[in-house]
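Build the full structure now, drawing on both the sequences and the hints.
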Amino acid sequence: MRKIFQEIIGSVINDIPSKHLAWLETINSQDELTALESATRGLTFAMSDKTLAVKTVCNIIDDVARKTSPVLNKLSQQFIRFELMSSSVENNILTVVYNFHKQLYSGYLSLLNDFCNHPKQHKKELANRYMHAAVNQAFEMLKWRSFVNVGLAPKVWLQLHKIFEIAESNQLLNQVLLNDEQPVNKVTLSALLLQTYMLDTLLQINLSRQGIDIASKLLRSQLINVEISKEFNPGKFLFYVDLAKDNGAKRIRHLSPTETGIYWQIDSLEKSIQAIIIELSVKTADSLSNYSSITFLDTPLIVEPHQIKALAETLELLLREWSRDNYIRQRRKAIRRKISTTANVVHGIKEICLRIKSNENGQLNYGVRLSNEARLLEQRFRTHHIIKGTQNTLNVDTINHHWIIIDESNQGLGAVASRELNTKTAVGQLVGLVLANAKQEMIIAVIRSIRPKANRQMQVGIEILSHHAKWAQLRSADESESDGNKQAAYNTSLEEKSSFSGLYLPIEAGISTESMLVLPRIEFIPHTHYEISIAGMLDKVTLSDSIDSKNDWVKINYPR
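Sequential numbering of the sequence shown, starting at 94, is according to my numbering.
There may be inaccurate statements among the hints.
Below 27 angstroms or equal to it, Euclidean Cα-Cα: the simulated DSSO-like pairs (lysine-lysine) are [stated by the list, open to error]:
| id | residue 1 | residue 2 |
| --- | --- | --- |
| 1 | K255 | K143 |
| 2 | K364 | K195 |
| 3 | K643 | K563 |
| 4 | K338 | K248 |
| 5 | K329 | K279 |
| 6 | K338 | K546 |
| 7 | K563 | K450 |
| 8 | K546 | K343 |
| 9 | K248 | K217 |
| 10 | K563 | K517 |
| 11 | K217 | K195 |
| 12 | K279 | K195 |
| 13 | K450 | K431 |
| 14 | K443 | K402 |
| 15 | K329 | K364 |
| 16 | K648 | K443 |
| 17 | K148 | K343 |
| 18 | K255 | K364 |
| 19 | K310 | K216 |
| 20 | K443 | K563 |
| 21 | K148 | K213 |
| 22 | K338 | K323 |
| 23 | K517 | K532 |
| 24 | K532 | K450 |
What follows is a list of derived Cβ distance ranges for each label pair [claimed, not checked]:
| id | residue 1 | residue 2 | range |
| --- | --- | --- | --- |
| 25 | R346 | S122 | 52 to 60 angstroms |
| 26 | S433 | R541 | 48 to 56 angstroms |
| 27 | R568 | I600 | 46 to 54 angstroms |
| 28 | G629 | A602 | 20 to 28 angstroms |
| 29 | L348 | S141 | 41 to 49 angstroms |
| 30 | R429 | S361 | 33 to 41 angstroms |
| 31 | R614 | R430 | 31 to 39 angstroms |
| 32 | S502 | T127 | 43 to 51 angstroms |
| 33 | R614 | S433 | 31 to 39 angstroms |
| 34 | E320 | A246 | 24 to 32 angstroms |
Hints were generated in silico from the structure; no laboratory data involved. Ideal Cβ placement from N, Cα and C applies to all residues, glycine included.
Encoded structure:
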């Protein structure tokens, strides 16, 4: 490492471009992080050398970017694929990669500033090259910060807005990047800017690392043909940026237009997302697993086989967030109150049903014991035994993780949890929560949002379905039974038949106006007759279509 450091210093002092780049030859013999750290230091020294010509500095920066590309790709793939890594390793990778992209970004930005200050010394094509490269690095900076749900640093948006204004004044917004007078690709500078702006809009929807990577690839490959306008037209455009503010893009909702606003729509991108969703629906996981990479659409979106599940989930989220017609902004329905307590969390409908059933059986057994011991007072005094029943609390074991509840409302909870211990926690998952200050009940809830936080934490938004769920047992009623056998079959214990468990959610003030059932998705068949047992009461019902469903559960109105 010392030798590399000395080479860098010596090369800067001697002002020999080849020596400025000599340390790059050792990159293949270094581990990825060391290589990027060396590259970052090398760029810093090269850019501080005032004796170098602007063209030389540009060539050095370009060469560094080109030679470190394989290193970045390898690190990126590892970081995205393996979400469970120690916090020290994660933070180290994030810091090193971000600082490298930031140094490249600063380098191209300084070249652009030189163009603005001395326009006669630069060709307009070089300015186009500087701006393309700077926006590309800003996109990468934003992507890596998005992995921990953090946006761009202060002033960076203003710098990108300034790039837009420079490109507009020099008529470069719709110019592609040229190399030896041949187009490098079909992406214009305006498309690169919109790709970066649109990536920023996803910070609110809690994407996983895989999701962020997929969204980035989608923007890079599909958001190509764009139109940016300074004329406010809410019927045509969906998103905007105020060039006078240090902010990214926002959706047009209740906007008072300004002279510094720019506007655009992404209808073609929405169509691409819909096309990929349709293509995914006709392809099976088995047919996709044989490929090293999978390509969608004519302008290819390329993903790896292990990303297929995340691809489907991500596209649904993106379509919901970016759709012109089906966009619904989730808002809290009630003000939340700050609290501080812990909750033991049970995941999945199967495990929740087992816990509630076990609790109800415990209460029932306790009641039977008390009834059997109701003897004459004299006999009880003579025996002088004190009957202690099992405490009326839900028993939860240590394998289920504890969350810290930080706020509450009538309809929801906010919690903080360890990302490392909750790797399978996902939006749409059904959970049961037993609060430390209310161990007599299990709250049935759905995870509506997950937002990564610092120090390997995540913030979880939870919608409450019920505080008083009951265990239910169901089986499909046999309509072919004769009338003479129906009553006998109805009276037969459901335990003796092919049955499954579910949850009965009664009407609850402030939460629901109708009673509901939550059932395993794999078991539910709509418009089917079921025999159902709730708290020992038998009934026959016909269940209609589900009103909500995610992952392993469906929610249905209970027709009573």
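Taking the Cβ atom of S502 and the Cβ atom of T127, is their distance within the range 43 to 51 angstroms? The hinted range 43 to 51 angstroms holds for S502 and T127, with Cβ atoms some 49 angstroms apart.
Would you mind confirming whether the straight-line C-alpha gap from K563 to K517 stays at or under 27 angstroms? holds, 26 angstroms
Assessment of proposed distance window 20 to 28 angstroms (beta carbons of G629, A602): holds, 25 angstroms
Given the hint that K279 pairs with K195, test it: the Cα-Cα distance must not exceed 27 angstroms. holds, 25 angstroms
Given the hint that K532 pairs with K450, test it: the Cα-Cα distance must not exceed 27 angstroms. holds, 15 angstroms
Between K255 and K143, does the CA-CA distance stay at or below 27 angstroms? holds, 25 angstroms
If you draw a straight line from the CA of K517 to the CA of K532, is it 27 angstroms or shorter? Satisfied, since the Cα-Cα distance of roughly 25 angstroms is no more than 27 angstroms.
Quick one, are K546 and K343 close enough, alpha carbons at most 27 angstroms? Cα-Cα ~22 angstroms, so holds.
Do the alpha carbons of K310 and K216 lie within 27 angstroms of each other, as the hint requires? Cα-Cα ~31 angstroms, so violated.
CA of K338 to CA of K323, is that 27 angstroms or under? holds, 15 angstroms
Consistency of beta-carbon spacing, S141 to L348, with hint 41 to 49 angstroms: Since the Cβ atoms of L348 and S141 sit about 43 angstroms apart, the hinted range of 41 to 49 angstroms holds.
Straight-line alpha-carbon gap K443 to K402, limit 27 angstroms: Holds - the C-alpha atoms of K402 and K443 are around 22 angstroms apart, at most 27 angstroms.
Consistency note: the structure conflicts with the earlier hints numbered 2, 13, 17, 18, 19, 26, 27.
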